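Since the structure of chain R is provided, determine the placement of chain D on it from the hints.
Protein sequences appear in the order of chains R and D.
Quick note on numbering: the first sequence equals residues 5 to 203 in the numbering used here.
Quick note on numbering: the second sequence equals residues 5 to 203 in the numbering used here.
For the record, the hints were derived by calculation from the structure and aren't laboratory data.
No experiment lies behind these values; they were computed from the predicted model shown.
Be careful, since some hints might not be right.
No copy labels: a pair is met if it fits in one copy or bridges any two.
What the hints assert, rightly or not - Okay, derived cross-link-like pairs now, EDC-like style, lysine to aspartate or glutamate, Cα gap no bigger than 20 Å in a straight line:
no. : residue 1 : residue 2
1   : K57       : E47
2   : K94       : D41
3   : K57       : D41
Number of protein chains: 2
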Amino acid sequence: MRYPPAFDRCVSCFSRFQGIGRKTAERLVFDILTRWDEAAVQEFAHALLHLTKGIVICPDCRVHVESLPCPFCAEERKKAGALCVVATSKDVYAIDATGHFPGTFFVLGTLLSPLDNRGVERMELERLKQRIVKEEIKEAIFALDSSLEGDATVCFMKEELKALPLKLTRLAAGVPVGATLEFVDRGTLSRAFCGRQTL
Amino acid sequence: MRYPPAFDRCVSCFSRFQGIGRKTAERLVFDILTRWDEAAVQEFAHALLHLTKGIVICPDCRVHVESLPCPFCAEERKKAGALCVVATSKDVYAIDATGHFPGTFFVLGTLLSPLDNRGVERMELERLKQRIVKEEIKEAIFALDSSLEGDATVCFMKEELKALPLKLTRLAAGVPVGATLEFVDRGTLSRAFCGRQTL
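Chain R with its partners taken away, still in its complex shape (with noise of 0.2 Å):
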């Protein structure tokens, strides 16, 4: 007996997202079935038609953002000359939460991922540098992950923007704040140490 077509459309609309297999899908329409009245069902649908029509990405800093101007991109934000480089605007959102960046952003899109054959394309540099000598930008920070595919991108990056007279820095890498040294890794040790820092 095959699962009603109904509920099979639905599960290959779940399918789409990035980490959830067939199996995720079935579950979570068996919990919409199970669980939700009509009425949250509907709400779940109108916010996602609306979802769109409520966000622009702006054009300058390439955040999502409810309309322009962008709120990132407010003048008083581009006096503090430091532009923080991100991979997606979800970044943007968690490190202004912070409250230690009074900054402005410019979100890459993508990491650089040779193998997956995802360059630098998407990435808009041209964008980026003129940006940078616009605003006058004296540090550009590279917030991205702490993976093989974050170093490639700040290597690149890196390289790329030797010829402009800012101040290139990353995140630092060390122990998560909380964690017990003994289940830190190699790798993060290693960082940690090369970065310690005086008291």
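This is chain D only, laid out in the frame that chain R set:
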């Protein structure tokens, strides 16, 4: 800076799923924003709106099916004289896919969980008893989770159904197919021993 309201609304909807917290919900909504085209989002919303319209719950076996009469309650299935008691509709499709069970089903809708205050009221036991009598069921097979809740439900059902003239069985507990014995936990191994089969 807060996320745009359209984003937040969508995140709230995704957070309703069991097992999806705020962080995962945000990841899923960003997945839509960065990887899905407009047509896919429309299709998803449409599939959700038509989900419940394309599915009915069979009043006899309580399985989610496309339409009535329910294919799981067909006359030739009733002739088998065997009824499989499961917790959710999902289990029905999984068991049917094995091709090893020709009989009918009954969905309890929940397992017994006194701690969560989930009791017998959702199980419609009277309907189950009526079906056992009316369809002259000779064997009721409990295909429930091999958990404390599953065990509690089996014990309770055994007590409830003891007055009826039928054989009660439950799924074999033992070593999963493909598993290495070394990694099988003690409880499973102990039950696999007790239920060992003659060659």
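Evaluation of the provided hints:
In this homomeric assembly, K57 and E47 come within 20 Å of each other (Cα to Cα) both inside a single copy, at 15 Å, and across copies, at 16 Å. When the C-alpha separation of K94 and D41 is checked against a cutoff of 20 Å, the pair qualifies only between copies, where the shortest distance is 19 Å, while the shortest distance within a copy is 30 Å. When the C-alpha separation of K57 and D41 is checked against a cutoff of 20 Å, the pair qualifies only between copies, where the shortest distance is 13 Å, while the shortest distance within a copy is 25 Å.
The structure is consistent with each of the numbered hints, conforming to all of them.
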